[in-house]
Amino acid sequence: MSVHKFERFAKVLCDLPSIGLDNVARVGKIPTRMKNLPIGCLSIHDAEERMRHCLKIGAVIPGKHFREELTNAGINLQDAWIVLRYGHIYDAPEKDIKTGEWKYRMEGPEPDGKWTVIVFSINTVDTAFLITVFTVEHRGRERK
253 MSVHKFERFA KVLCDLPSIG LDNVARVGKI PTRMKNLPIG CLSIHDAEER
303 MRHCLKIGAV IPGKHFREEL TNAGINLQDA WIVLRYGHIY DAPEKDIKTG
353 EWKYRMEGPE PDGKWTVIVF SINTVDTAFL ITVFTVEHRG RERK
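Using my numbering, the first residue of the sequence shown is number 253, and each one after it goes up by one.
No lab work stands behind these hints: they were computed from the structure.
Treat the hints with care, as some may be off.
[Said to hold, decoys possible] Only pairs whose alpha carbons sit at most 20 angstroms apart, straight line, appear in this in silico SDA-like list of lysine to any residue:
no.	residue 1	residue 2
1	Lys355	Val388
2	Lys355	Glu321
3	Lys316	His340
4	Lys308	Phe381
5	Lys366	His340
6	Lys355	Gly326
7	Lys350	Phe381
[As the list claims (entries may be wrong)] Here are the computed distance ranges between Cβ atoms for each label pair:
no.	residue 1	residue 2	range
8	His297	Trp333	34 to 44 angstroms
9	Glu389	Lys308	27 to 37 angstroms
10	Gly292	Lys366	29 to 39 angstroms
11	Pro363	Gly292	26 to 36 angstroms
12	Glu389	Gly292	27 to 37 angstroms
13	Ala311	Tyr338	30 to 40 angstroms
14	Gly352	Gln330	29 to 39 angstroms
These numbers come from a predicted model, not from an experiment.
Each residue gets a CB set at the ideal place from its N, CA and C atoms; glycine is no exception.
With these hints in hand, go ahead and build the complete structure from the sequences.
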């Protein structure tokens, strides 16, 4: 298959959510040429799976702002990894106006009990970028 035909084929895969790259990735075998393709908006479940795939096999890149906020919040990197591994995404993704990438918020308790929120984007099939981290009082409705 020529490179031009492959690019058209890959675009079709990305445009069809029912047979998109996520279904290919669930099998665990991602063709080398598809690894650098950009990722569109994922469902909450698929974004959680993709993050865990990046933690296990791919790459997770902590950005400068993420590292600064990690220090400010008094959280170490291992605790952040626990939130990424076992946390959940509760809110719909938001599109970043500057970069055009979709941002997701993984939330969960860290080992010390603080509810931690990590904002990240998924750049390619096996690369995630950590944007920022912060802690909140609790998840759910405000108590009156």
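Status of each hint after checking the structure:
1. Lys355 x Val388: holds, 18 angstroms
2. Lys355 x Glu321: holds, 17 angstroms
3. Lys316 x His340: Violated, at roughly 23 angstroms.
4. Lys308 x Phe381: holds, 14 angstroms
5. Lys366 x His340: holds, 15 angstroms
6. Lys355 x Gly326: Distance ~23 angstroms between Lys355 and Gly326 Cα, so the pair is violated.
7. Lys350 x Phe381: The hint holds at about 15 angstroms.
8. His297 x Trp333: 34 to 44 angstroms: violated, 20 angstroms
9. Glu389 x Lys308: 27 to 37 angstroms: Taking Cβ atoms as reference, Glu389 and Lys308 lie about 31 angstroms apart, which means the hint holds.
10. Gly292 x Lys366: 29 to 39 angstroms: Holds: the Cβ-Cβ distance is about 32 angstroms, inside 29 to 39 angstroms.
11. Pro363 x Gly292: 26 to 36 angstroms: holds, 34 angstroms
12. Glu389 x Gly292: 27 to 37 angstroms: At roughly 33 angstroms between Cβ atoms, Gly292 and Glu389 fall inside 27 to 37 angstroms, so the hint holds.
13. Ala311 x Tyr338: 30 to 40 angstroms: The hint (30 to 40 angstroms, Cβ to Cβ) is violated, given that Ala311 and Tyr338 are roughly 20 angstroms apart.
14. Gly352 x Gln330: 29 to 39 angstroms: With a Cβ separation near 32 angstroms, Gly352 and Gln330 satisfy 29 to 39 angstroms, so the hint holds.
Consistency note: the structure conflicts with the earlier hints numbered 3, 6, 8, 13.
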